[in-house]
Amino acid sequence: MLYKNFMPWHDVVSSIRLRESSALLSLNAILYVSERTRKHRLVEVGKKDNMGLQHFTACVLLALCILSQGLQKGVDGFACNWGTRLTHPLPAHITVKLMKDNGFKQVKLFEADPAALKALGNSGIEVMVGIPNDLLATLAANVDAAIAWVNQNVSTYISKYGVNIRHVAVGNEAFLKTYNGRFVNSTFPAIQNIQAALIKAGLGRQVKVTTPLNADVYQSDSGLPSGGNFRPDIQSQMISIIKFLSQNGGPLTFNIYPFLSLDADPHFPKEFAFFDGSAAPVVDGPITYTNVFDANYDTLISALEKNGFGQMPVIIGEVGWPTDGTANANIKNAQRFNQGLIDRIVKRQGSPKRPTPPDIYLFGFIDEDAKSIEPGPFERHWGVFNFDGSIKYPLNLGGGKQLVGAKGVRYLPKQWCVMSSQANVDPAGFADSMSKACTYADCTSLSPGSSCSGLDTRGNASYAFNAYFQTMNQRKDACNFNGLSVITNINPSPPQSACQFKIMIDLGKHETKSTPSAAPKTKLHLMLMLLSSFIFTFMLLLSV
1 MLYKNFMPWH DVVSSIRLRE SSALLSLNAI LYVSERTRKH RLVEVGKKDN MGLQHFTACV
61 LLALCILSQG LQKGVDGFAC NWGTRLTHPL PAHITVKLMK DNGFKQVKLF EADPAALKAL
121 GNSGIEVMVG IPNDLLATLA ANVDAAIAWV NQNVSTYISK YGVNIRHVAV GNEAFLKTYN
181 GRFVNSTFPA IQNIQAALIK AGLGRQVKVT TPLNADVYQS DSGLPSGGNF RPDIQSQMIS
241 IIKFLSQNGG PLTFNIYPFL SLDADPHFPK EFAFFDGSAA PVVDGPITYT NVFDANYDTL
301 ISALEKNGFG QMPVIIGEVG WPTDGTANAN IKNAQRFNQG LIDRIVKRQG SPKRPTPPDI
361 YLFGFIDEDA KSIEPGPFER HWGVFNFDGS IKYPLNLGGG KQLVGAKGVR YLPKQWCVMS
421 SQANVDPAGF ADSMSKACTY ADCTSLSPGS SCSGLDTRGN ASYAFNAYFQ TMNQRKDACN
481 FNGLSVITNI NPSPPQSACQ FKIMIDLGKH ETKSTPSAAP KTKLHLMLML LSSFIFTFML
541 LLSV
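Going by the UniProt record's numbering, 134 is the number at position 134 of the sequence shown; the sequence numbering is gapless.
Note that these hints are calculated values from the structure, not bench results. Incorrect hints may have been included.
[Unchecked claim] Below, a list of computed lysine-lysine pairs in the PhoX-like style, where the Cα atoms sit at most 25 Å apart:
id : residue 1 : residue 2
1  : Lys160    : Lys208
2  : Lys100    : Lys347
3  : Lys160    : Lys100
4  : Lys97     : Lys118
5  : Lys332    : Lys270
6  : Lys100    : Lys208
7  : Lys97     : Lys401
8  : Lys332    : Lys401
9  : Lys105    : Lys347
10 : Lys100    : Lys401
11 : Lys118    : Lys160
12 : Lys118    : Lys407
13 : Lys407    : Lys97
14 : Lys243    : Lys200
15 : Lys160    : Lys105
16 : Lys118    : Lys200
17 : Lys332    : Lys371
18 : Lys476    : Lys509
19 : Lys105    : Lys401
20 : Lys105    : Lys118
21 : Lys476    : Lys414
22 : Lys401    : Lys347
23 : Lys407    : Lys105
24 : Lys371    : Lys509
25 : Lys97     : Lys160
26 : Lys208    : Lys105
27 : Lys306    : Lys243
28 : Lys347    : Lys332
29 : Lys208    : Lys118
30 : Lys407    : Lys509
31 : Lys436    : Lys371
32 : Lys118    : Lys509
33 : Lys509    : Lys436
34 : Lys200    : Lys160
35 : Lys118    : Lys371
36 : Lys407    : Lys100
37 : Lys371    : Lys97
38 : Lys509    : Lys414
Given the sequences, and given the hints that come with them, work out the whole structure.
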C-alpha cells in the first residue's frame, strides 16, 4: 500500500523545523524517515606479481575485514543529544553521572560547551562536538580559523581534560530548504578545513568529521524507499561531501523525526509512526515496511546506492518523541516510541536494506525550557528526562535494567506563585501580567492539547505566574503581578495529572538578578514569544 495523501518527509521537515506557514503542507507522496549503519571502508590495495607480497596483502585485507566487523558493532550502550538551552541547567557533573547510570556511552553536543566538555573528561563517554551554523562561513573562508577552533575546542579538551572526542559535527541541518541556500556554499569548505585542522593537530585518525543533515536532503520520486535520491538542487554538494567524508573515514549523519510526520499531517496514519504499529504496510517490491522510520532510512540508503556510496557509514544524529506542547506530544506516545527504539538498539536491529544497525543518538536527554519555540511548543519537551533529571516515564533498557533518575539535585524552596483567591477573574486585566510571565518563562504546557491545557482561568494564570517566579529564582518581586498573585507553600499541581507546577533547580541566585535570565536573545524570538502570549490571552478571554 502506498500512502498517497501524505506530505513528503522533506516538505514536512522544511515547514515544521522552521515553521513558516501551514500552507506549505502538500499532499502528494509518502513521507519517510532516515537511519544509519556502520560499515568498514573499502581499501584498495594494488596487485603485485610477487607471491610473498600478495600473501602479505591478503593477510592485511583479512585483518582489516576482521577489524571492520568489530567496528560495525559500535559502542555497547546508548547515545543521546545533550542540549544546554535551559534557564536552570542541571549541573554538568550530575548530567554525566545520569548518562553513565543509564548506560549512555555516546553523547552529541550542539556546540563546544565548556562545562559539558569538562564534565565528560575521563568519563568513558564518546563525544561528538558540534559547530553551529553561524560559524560555517568563517571556518570555510579561513583554514587558520578552523585550526584555532580545533585547538581550542578539541585538542585542549582531549589533552588537558581527557575528553574522548571522536567526531566533530560541522553545522547542523545546514541544507534545510527553509534556509534558502544560506549555508550551501560554506558547509563543504568548512568540512574540508576542519579535517585539515584535525590532521594538523595530529587527530586525523582519532577524530572524524561529519555533518548532521535533515531528511529533506533526499526524496523519492516514486513515493517508495527504492526511489530515493538526493535533491537535485544540492546533489553536487552532497556527492562532494560524501566522497570527501568517505575518503577520510567520516560518517554521514542524518536526523529523523517520525513525530513531525504525525504532527504535521492530520491524514498521516498514526500507527505507522511507531515501531509496533498496526498501520497497513508499505510494500516496495520484495520489501515490506511497517513503520516510517525504516522506510525513511532505506530511502536514504537507496540514494546512497544510486550515487555509488552503498557502503557509506551513516549515523542517526537525532530521533525521539516529545512529551508536551501539542496533542500528539504526550507521555504515552513518547514512552511507546522510545521503548520501541530502545528495543531495536538492544536487539541490534537494522532496516530491511541494512540489517546492521546504525549508531542512534536519542533526542534528547533532558528538556530545555529556553529553546526557541519557532518549530512548535513541543520543542522544549524532547527529553527522556525532565529538566532536573527526574524520570518522565519508565523505559526498559534491557537486561532487567530500568531508567534511574538524577541524584544530588538541589532545588529552590517548596513554594509557588499562584493567583490570589482574592483576585477577581478578569481575563482582560491579565493581559500585561500574562505577557510578562510567558515572554520570559516557559508556558508551552498551556498550549492546546498540552498537559496543562485543561486548567481553568485561575489555573492558567497561576501556572504562568509560577513559571515566571521559578525562572526568576523565586525572587519576591517576581511574584508581583498587579495584586493578582500570592506566594504559597501548597503545591497547586492538579492531583493525578501530567500538569505539574515546577520548582526550579537551585543555582544560588535567589535575589541576585534584576533582569530575566532567559530573556529572548533576538527580536524574532521576542516577537514569537509575544505572539504566543497574545494567543494565550485570547484563549483566556474565550474561556470566560
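- Query: Going straight from one Cα to the other, do Lys160 and Lys105 come out at no more than 25 Å?
  - Reply: Holds, because 21 Å separates the two Cα atoms, which is no more than 25 Å.
Straight-line alpha-carbon gap Lys97 to Lys160, limit 25 Å: holds, 20 Å
Is the hinted pair Lys118 and Lys509 satisfied, with a Cα-Cα distance of at most 25 Å? At roughly 23 Å apart (the allowed maximum being 25 Å), Lys509 and Lys118 satisfy the hint.
Handout entry: Restraint check for Lys332 with Lys371, where alpha carbons must lie at most 25 Å apart
Key = holds, 23 Å
**Report entry** Agreement of Lys476 and Lys414 with the hint, judged by alpha carbon distance not exceeding 25 Å
**Finding:** holds, 14 Å
| message | Against the 25 Å threshold, does the CA-CA distance of Lys105 and Lys118 hold or violate the hint? | response | With a Cα-Cα distance of about 16 Å, the restraint between Lys105 and Lys118 holds, given a limit of 25 Å.
Item to check | Hinted pair Lys401 and Lys347, Cα distance within 25 Å | outcome: With a Cα-Cα distance of about 15 Å, the restraint between Lys401 and Lys347 holds, given a limit of 25 Å.
**Message:** Tell me if the straight-line CA distance from Lys509 to Lys436 falls inside 25 Å.
**Reply:** Roughly 20 Å between the alpha carbons, so the hint for Lys509 and Lys436 holds.
- Query: If you draw a straight line from the CA of Lys407 to the CA of Lys509, is it 25 Å or shorter?
  - Reply: holds, 21 Å
### Task
With a cut-off of 25 Å on the C-alpha distance, tell me whether Lys118 and Lys371 pass.
Given that 25 Å is the threshold and the Cα spacing comes to 23 Å, the pair holds.
>> Against the 25 Å threshold, does the CA-CA distance of Lys208 and Lys105 hold or violate the hint?
In response: Judged against 25 Å, a Cα distance of about 17 Å means the pair holds.
Given the hinted pair Lys509 and Lys414, is their alpha-carbon gap at most 25 Å? holds, 16 Å
Hint check: no violations occur; every hint is consistent with the structure.
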